[in-house]
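Going by our numbering, 128 is the number at position 100 of the sequence shown; the sequence numbering is gapless.
Treat each hint with caution, since some may be false.
[Stated by the list, open to error] Straight line, CA to CA, 25 Å or less: simulated DSS-like cross-link-like pairs of lysine-lysine:
id, residue 1, residue 2
1, K85, K74
2, K88, K98
3, K97, K109
4, K82, K93
[Stated by the list, open to error] Simulated DEER-style distance windows between Cβ atoms:
id, residue 1, residue 2, range
5, K88, E66, 48 to 56 Å
6, S121, K77, 54 to 62 Å
7, K94, E56, 42 to 50 Å
8, E64, K94, 56 to 64 Å
9, K88, K109, 50 to 58 Å
10, E60, K82, 31 to 39 Å
11, K94, E65, 53 to 61 Å
12, E91, E54, 53 to 61 Å
Honestly, the hints are just simulated from the structure, not real lab data. Even glycine gets a Cβ: it sits at the ideal position worked out from N, Cα and C.
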Amino acid sequence: MFLLIILTNIHYTPLHPRWKKTYLDEEEEEEEEEEEEEEEEEEEEKKKKKKKKKKRKRRKKEEKKKKKKKTRRKGGGMEEKEEMEERRRRRRSGAERGGGGG
């Protein structure tokens, strides 16, 4: 009998007019806290995405710089270009004739 009274009191306490206000306030606070946590998580995800974008941009810029440097090195003078073309012609003609390694 005593146990039944305790259980009914526990069950109906939040619905009692005296407790109803505090119970609802607690629920609202919990909901607000959950919403705030979700918002914080979303902001963190956005920040991570921004960092990734920045890293990608940096990599692309660095790759472009490297490509520019490589092209500058390859460029050289007109004489060097002519020599390279002659070497290519010789290689191609040698391959067409069937000459080469053994």
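Outcome of the hint check:
A C-alpha spacing of about 17 Å is found between K85 and K74, which places the hinted pair at or below 25 Å, so the restraint holds. This hinted pair checks out: K88 and K98 have alpha carbons roughly 15 Å apart, not beyond 25 Å. As the CA atoms of K97 and K109 are separated by approximately 17 Å, the hinted pair is consistent with the 25 Å bound. Simply put, K82 and K93 have alpha-carbon atoms about 17 Å apart, close enough for the 25 Å limit, and the pair holds.
Checked against the hint of 48 to 56 Å, the pair K88 and E66 fails, with Cβ atoms roughly 33 Å apart. For S121 paired with K77, a C-beta distance near 55 Å keeps the hint of 54 to 62 Å intact. One distance hint, 42 to 50 Å for the beta-carbon pair K94 and E56, is violated here, with the actual separation near 57 Å. A C-beta distance of roughly 45 Å is found between E64 and K94, which places it outside the suggested range of 56 to 64 Å.
Distance hint for K88 and K109: a CB-CB separation of about 29 Å, inconsistent with the stated range 50 to 58 Å. A hinted range of 31 to 39 Å holds for the C-beta pair E60 and K82, which are about 33 Å apart. A beta carbon spacing of about 44 Å between K94 and E65 contradicts the range 53 to 61 Å that was offered as a hint. Judged by the Cβ atoms, the range 53 to 61 Å given for E91 and E54 holds: they are separated by roughly 56 Å.
The structure fails to meet hints 5, 7, 8, 9, 11 from the earlier list, while all remaining hints are met.
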